[in-house]
Amino acid sequence: MTEGDKTILAGLNPEQARAAGAVSGPVLILAGAGTGKTRVVTHRIAYLVSCGVAPEHILGMTFTNKAAREMRERLAALIPEAAAEKVTLGTFHSFCIRLLRSEIRKLGYLPNFTVADESDQEGLVRQAMAQLGISKEFAPASAFMNIISGWKNRLLTPEEAASEANNPMWMASARVYREYQTLLQLQNLIDYDDMLMLGCRALEDETVRDKYRDRYRYLLVDEYQDTNEAQFALLSRLVGPERNLCVVGDDDQSIYSWRGAKVENILNFPEQFPGATVVKLEQNYRSTNTILRAANAVIANNSLRREKNLWSQCGEGEKLRFVRSDSGEAEAAFVADMIAQRHQEDDSLHYGDFAILYRSNHLSRPFEEALRGRDIPYRLVGGQEFFKRKEIRDAVAYLRLLVNPQDDQSLLRVLNTPPRGLAEKAVGLLKSYRDREHVPMLRALGRKEFRTMLGGAAASSAEFFSSCCQEAQQTFSAPGNLAGKSRDFLTRIGYFDGLQRIYKDMEDSRKRQDNLGEFLSSMAEFEARRGGAVTLEEYLESYALLEETDRTDEEAGKGDAVVLTTVHSAKGLEYKVVFSVAMEKSIFPSERACEEGNLDEELRLFYVAVTRAKKELYFTAAGRRFVRGKLKTQTISPFLEMIPEALIEHGVPEDFMRKMDQGEMLEALRRMMSALK
DNA sequence: ATGTTTAATCTTTTT
DNA sequence: GATTAAACAT
Numbered sequence: 041m042t043e044g045d046k047t048i049l050a051g052l053n054p055e056q057a058r059a060a061g062a063v064s065g066p067v068l069i070l071a072g073a074g075t076g077k078t079r080v081v082t083h084r085i086a087y088l089v090s091c092g093v094a095p096e097h098i099l100g101m102t103f104t105n106k107a108a109r110e111m112r113e114r115l116a117a118l119i120p121e122a123a124a125e126k127v128t129l130g131t132f133h134s135f136c137i138r139l140l141r142s143e144i145r146k147l148g149y150l151p152n153f154t155v156a157d158e159s160d161q162e163g164l165v166r167q168a169m170a171q172l173g174i175s176k177e178f179a180p181a182s183a184f185m186n187i188i189s190g191w192k193n194r195l196l197t198p199e200e201a202a203s204e205a206n207n208p209m210w211m212a213s214a215r216v217y218r219e220y221q222t223l224l225q226l227q228n229l230i231d232y233d234d235m236l237m238l239g240c241r242a243l244e245d246e247t248v249r250d251k252y253r254d255r256y257r258y259l260l261v262d263e264y265q266d267t268n269e270a271q272f273a274l275l276s277r278l279v280g281p282e283r284n285l286c287v288v289g290d291d292d293q294s295i296y297s298w299r300g301a302k303v304e305n306i307l308n309f310p311e312q313f314p315g316a317t318v319v320k321l322e323q324n325y326r327s328t329n330t331i332l333r334a335a336n337a338v339i340a341n342n343s344l345r346r347e348k349n350l351w352s353q354c355g356e357g358e359k360l361r362f363v364r365s366d367s368g369e370a371e372a373a374f375v376a377d378m379i380a381q382r383h384q385e386d387d388s389l390h391y392g393d394f395a396i397l398y399r400s401n402h403l404s405r406p407f408e409e410a411l412r413g414r415d416i417p418y419r420l421v422g423g424q425e426f427f428k429r430k431e432i433r434d435a436v437a438y439l440r441l442l443v444n445p446q447d448d449q450s451l452l453r454v455l456n457t458p459p460r461g462l463a464e465k466a467v468g469l470l471k472s473y474r475d476r477e478h479v480p481m482l483r484a485l486g487r488k489e490f491r492t493m494l495g496g497a498a499a500s501s502a503e504f505f506s507s508c509c510q511e512a513q514q515t516f517s518a519p520g521n522l523a524g525k526s527r528d529f530l531t532r533i534g535y536f537d538g539l540q541r542i543y544k545d546m547e548d549s550r551k552r553q554d555n556l557g558e559f560l561s562s563m564a565e566f567e568a569r570r571g572g573a574v575t576l577e578e579y580l581e582s583y584a585l586l587e588e589t590d591r592t593d594e595e596a597g598k599g600d601a602v603v604l605t606t607v608h609s610a611k612g613l614e615y616k617v618v619f620s621v622a623m624e625k626s627i628f629p630s631e632r633a634c635e636e637g638n639l640d641e642e643l644r645l646f647y648v649a650v651t652r653a654k655k656e657l658y659f660t661a662a663g664r665r666f667v668r669g670k671l672k673t674q675t676i677s678p679f680l681e682m683i684p685e686a687l688i689e690h691g692v693p694e695d696f697m698r699k700m701d702q703g704e705m706l707e708a709l710r711r712m713m714s715a716l717k
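Quick note: the first sequence uses this note's numbering, first residue 41, plus one each step.
Everything labelled a hint here was simulated from the structure, so no lab data went into it. Glycine included, each C-beta is placed from N, C-alpha and C at the ideal position. Where hints are given, some of them may not hold.
Using 30 Å as the maximum straight-line C-alpha spacing, the simulated DSS-like pairs for lysine-lysine come out as follows [what the hints assert, rightly or not]:
#, residue 1, residue 2
1, K106, K46
2, K126, K146
3, K488, K544
4, K551, K430
5, K428, K176
6, K251, K146
7, K146, K348
8, K551, K428
9, K106, K616
10, K670, K625
11, K348, K106
12, K616, K320
13, K359, K348
14, K46, K320
15, K544, K428
16, K146, K471
17, K106, K544
18, K176, K465
19, K106, K428
20, K616, K348
21, K670, K176
22, K302, K320
23, K302, K348
24, K625, K359
25, K106, K430
Pair by pair, the computed Cβ-Cβ distance ranges are [said to hold, decoys possible]:
#, residue 1, residue 2, range
26, K176, E503, 35 to 41 Å
27, S561, P519, 15 to 21 Å
28, L639, M705, 45 to 51 Å
29, N152, R346, 41 to 47 Å
I would like the entire structure built from these sequences, with the hints used as guidance.
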């Protein structure tokens with residue numbers, strides 16, 4: 041290795057430079073919120089390259105695609121773009137799925153596997169329960185799904201899980217797990233947890249392992265506090281004897297334990313990798329000291345953490361503010377008015393500098409309405425968005441069926457959408473035929489022997505469906521022009537026009553057709569971005585790996601807009617003005633977390649919310665709120681008491697009402713003017 | 001086989 | 001309150 045280019049490290053503070061410059065061996069970077077983590081990581085990669093490390097030997101794992109994209113962009117500013125392109129940057133899941141495309145054969149799947157989404161998973165668990173005679177009164181499918189997911193994240197096979205199970209629920213779950221897994225395999229489907237678990241298993245093979253170790257000699261993991269056991273195992277297998285593994289994270293921001301994340305991974309790193317270089321980053325480049333003091337005070341309530349003390353050179357800044365309104369609507373109105381006012385009086389504030397953060401998605405509604413009523417543009421992250429719409433998911437199911445004809449789950453979804461005479465009766469016959477003949481449903485539809493069991497109309501309908509899919513498979517066997525081909529296929533099989541029959545309301549069906557059109561153009565966009573011929577398989581892969589934030593970006597688009605998001609999806613982001621809303625007991629912290637005793641994590645989540653703010657931070661709550669349709673009296677979140685009194689002001693700002701009146705008068709004047717025109 | 005009404009079951013957080 | 005499953009009528 042040659043001497044690196046020290047000028048790359050010149051713009052970093054001493055700790056950052058130490059972290060970025062520690063080129064070989066294990067490195068742990070404990071990066072507090074807003075301490076320039078991404079900056080360190082990108083500089084580190086640039087420095088590695090300057091040391092003579094070939095960019096294709098570097099692998100960076102992030103938790104979101106967005107983070108990966110951002111990292112690549114910032115890297116391209118430091119090293120030649122051609123080199124930046126050669127660095128492998130992606131999520132654990134995308135890395136695994138790519139690994140599995142070439143290595144999954146040995147594990148009993150075909151390389152054209154498709155990804156089971158949550159609804160597929162639920163369907164399969166239901167099916168498994170039915171086969172085992174477990175009624176949903178015993179436990180709902182979701183309960184089994186959670187337990188199974190937990191086991192998979194710990195890399196336990198159904199057999200291992202069964203031997204560990206010592207109560208009725210777990211024993212039942214182990215049986216469901218086993219059945220669920222065979223159903224998946226039968227349909228050549230893998231779920232999200234399988235990506236990691238099977239990826240791990242693929243690396244057990246020494247030849248495979250050596251191949252990847254040779255390729256990826258420098259590993260870098262972002263958000264390490266959110267890795268689970270499977271991800272840890274994956275890394276352990278991937279890292280070679282040189283132990284060139286650099287992990288970055290903040291134990292105080294570990295908020296995904298419900299998804300199997302183990303904070304212990306980051307806490308125990310120095311023991312697991314003896315001799316590791318440990319760097320702590322505490323200088324914050326994001327927030328005012330008032331905000332940081334509040335954040336430090338909040339997180340100090342947790343034990344079992346690495347002590348950190350954030351400070352910044354961003355000045356003292358404004359005090360925080362807490363406003364309690366009578367109702368959820370009044371709370372939303374205050375927030376919207378406040379945004380309008382701050383936006384108006386401060387030219388440096390754009391709508392995109394404001395964020396409204398809440399604990400759970402359903403809390404967004406009143407804020408949406410309040411913003412809409414004031415013509416303030418906003419962007420809703422996550423929730424019930426574009427790609428979750430029925431028509432989009434139907435279209436995806438049609439396409440999945442083409443890539444993986446064994447995907448019965450997708451077939452069942454679209455077989456009778458739109459109605460084509462293949463309803464319950466046909467499905468029943470299809471199921472029994474499949475179980476008897478061990479043939480995927482789509483194949484059954486193509487068989488004359490099967491079709492004779494159907495009525496005349498149904499039989500010809502089935503034949504058309506099957507031949508339509510076969511033709512389309514031919515068409516798609518060559519890559520490229522995915523959007524056009526998909527449009528043709530969906531039109532020919534009757535889905536496009538069928539939308540009019542499914543949604544009888546003209547306006548509704550029109551909208552759905554537009555959505556479908558938008559979906560197709562997002563497909564074309566994807567092709568253009570990838571440049572050149574893309575296969576349907578590749579598109580569906582990226583579709584399955586899309587995450588909430590990506591999905592919303594596509595639809596409503598960019599523009600200057602207030603952001604509405606959960607605290608979870610706000611992690612890693614920053615806004616000049618943050619409203620942390622619905623600060624009420626049993627909402628934040630959530631009732632569930634209280635019952636299960638996960639208050640530490642809930643507090644970390646609150647810490648994440650606080651540390652998103654750069655300049656101004658508001659907390660709001662409602663005295664009464666509709667919860668599950670009924671009006672309930674709400675008490676203030678205990679979290680707010682953790683903020684030192686000296687840092688926070690209570691109530692609506694003194695000049696708020698006066699300014700509001702002025703604002704309203706201006707608004708009335710504007711209305712009169714436009715009425716005159 | 002399809003469309004309409006009614007009942008029930010929920011709500012964290014997401015790759 | 002809103003979405004979805006199941007019962008019911010056409």
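Hint-by-hint comparison with the structure:
Restraint check: the Cα-Cα separation between K106 and K46 comes to about 29 Å, which is no more than 30 Å; the hinted pair holds. A distance of roughly 28 Å separates the Cα atoms of K126 and K146; the hinted pair therefore holds under the 30 Å criterion. With a C-alpha separation of about 34 Å, the suggested pair K488 and K544 falls outside the 30 Å cut-off, and the hint is violated. Between K551 and K430 the CA atoms are separated by roughly 12 Å; this keeps the pair inside 30 Å, and the hint holds.
For the suggested pair K428 and K176, the alpha carbons sit about 25 Å apart, so the restraint of at most 30 Å is met. Of the supplied pair hints, the one linking K251 and K146 holds, its CA atoms being roughly 16 Å apart against a limit of 30 Å. With a C-alpha separation of about 46 Å, the suggested pair K146 and K348 falls outside the 30 Å cut-off, and the hint is violated. A threshold of 30 Å between alpha carbons decides the hint, and for K551 with K428 the separation of about 15 Å falls inside it, so the pair holds.
For a cut-off of 30 Å, the pair hint linking K106 to K616 stands: about 20 Å separates their Cα positions. Proposed proximity of K670 and K625 is supported: the alpha carbons are some 16 Å apart, at most 30 Å. Distance hint between K348 and K106 is fulfilled; the C-alpha atoms sit about 27 Å from each other, no more than 30 Å. Proximity of K616 to K320 is assessed by CA-CA distance (about 25 Å); at most 30 Å being required, the pair is judged to hold.
Of the supplied pair hints, the one linking K359 and K348 holds, its CA atoms being roughly 22 Å apart against a limit of 30 Å. At most 30 Å may separate the alpha-carbon atoms for a hinted pair to count; K46 and K320 meet this at roughly 21 Å. For the proposed pair K544 and K428, the alpha carbon gap of about 21 Å is at most 30 Å, so the pair holds. This hinted pair checks out: K146 and K471 have alpha carbons roughly 28 Å apart, not beyond 30 Å.
With a C-alpha separation of about 38 Å, the suggested pairing of K106 with K544 is violated against the 30 Å cut-off. Between K176 and K465 the CA atoms are separated by roughly 24 Å; this keeps the pair inside 30 Å, and the hint holds. Restraint check: the Cα-Cα separation between K106 and K428 comes to about 19 Å, which is no more than 30 Å; the hinted pair holds. With a C-alpha separation of about 23 Å, the suggested pairing of K616 with K348 holds against the 30 Å cut-off.
At roughly 27 Å between alpha-carbon atoms, K670 and K176 fall within 30 Å of each other, so this suggested pair holds. At most 30 Å may separate the alpha-carbon atoms for a hinted pair to count; K302 and K320 meet this at roughly 20 Å. This hinted pair checks out: K302 and K348 have alpha carbons roughly 20 Å apart, not beyond 30 Å. The hinted pair formed by K625 and K359 meets the criterion: a straight-line CA distance of about 23 Å does not exceed 30 Å.
Pair hint K106 plus K430 holds up; C-alpha atoms about 25 Å apart against a cutoff of 30 Å. Between K176 and E503 the beta carbon distance is about 36 Å. The supplied range of 35 to 41 Å therefore holds. With their beta carbons about 19 Å apart, S561 and P519 fall inside the hinted range of 15 to 21 Å. At about 47 Å, the CB distance of L639 to M705 agrees with the hint of 45 to 51 Å.
At about 45 Å, the CB distance of N152 to R346 agrees with the hint of 41 to 47 Å.
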